[in-house]
Amino acid sequence: MAETMLARRAFLIGIAATTLAGCQTTAQTAPPVAIGAIRVDTGPLAAKGQSATAAMIKPMLERELASLRSGHGATLQVTVTGLYLTSYAGGQAVTMGNDTLESEARLIGADGREIARYPILAIMAPSSGGAWYRPDVNQRRIEALVASNAQWIRRYVGG
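Residue numbers (mature numbering (1 follows the signal peptide of the UniProt record, and there is no 0)): -21 to -1, 1 to 138.
Heads up, some of the hints might be wrong.
[As the list claims (entries may be wrong)] Restricting the straight-line Cα-Cα distance to at most 20 Å, the calculated cross-link-like pairs of lysine to aspartate or glutamate (EDC-like) are:
no. : residue 1 : residue 2
1   : Lys37     : Glu81
2   : Lys27     : Glu81
3   : Lys37     : Glu122
4   : Lys37     : Asp115
5   : Lys27     : Glu83
6   : Lys37     : Glu83
7   : Lys37     : Asp20
It is worth saying that the hints were derived from the structure and are not from the lab.
This structure is a prediction, so every number in the text was calculated from the model and none was measured.
Let the hints inform the model, and build the full structure from the sequences given.
This is the structure in structure tokens:
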């Protein structure tokens, strides 16, 4: 009986390990590429009626990514395509999901050809901006999303 239970347990652990190994996601990070210029386009976000927010996000993202610039090399083109701030009044029971910032990062070579393309989706809890009753809570939520988005971009481009 004990041997059967041990054999069954070993079998189940083997299945679980195999399943988990198949479910692991490996980030497709590129070998580091020298980046000479960084361009951030928030036009698609502005076109969705969020022009004031798009104007705020552009310099934030440029500042976050500035450390990637090496003076010469490929161009990092980041296009911000979506922003969603869920309603938030404090506490998990009141939220209707997470905040998200969508972008696409592309590395463009000196010859104009695309070297790589990375869709980026930063997801954060609406509480990431701190206390819901502060007047600047939404700006702080956006700042947290921009920082997360930039972190994913740095990870993918090898910076």
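Against the structure, the hints:
1. Lys37 to Glu81: Given pair Lys37, Glu81 holds - Cα atoms ~13 Å apart, limit 20 Å.
2. Lys27 to Glu81: This hinted pair holds, its Cα atoms lying about 13 Å apart.
3. Lys37 to Glu122: Roughly 11 Å between the alpha carbons, so the hint for Lys37 and Glu122 holds.
4. Lys37 to Asp115: Holds, at about 18 Å.
5. Lys27 to Glu83: holds (16 Å)
6. Lys37 to Glu83: holds (14 Å)
7. Lys37 to Asp20: holds (7 Å)
In terms of the numbered hints stated before, the structure departs from none.
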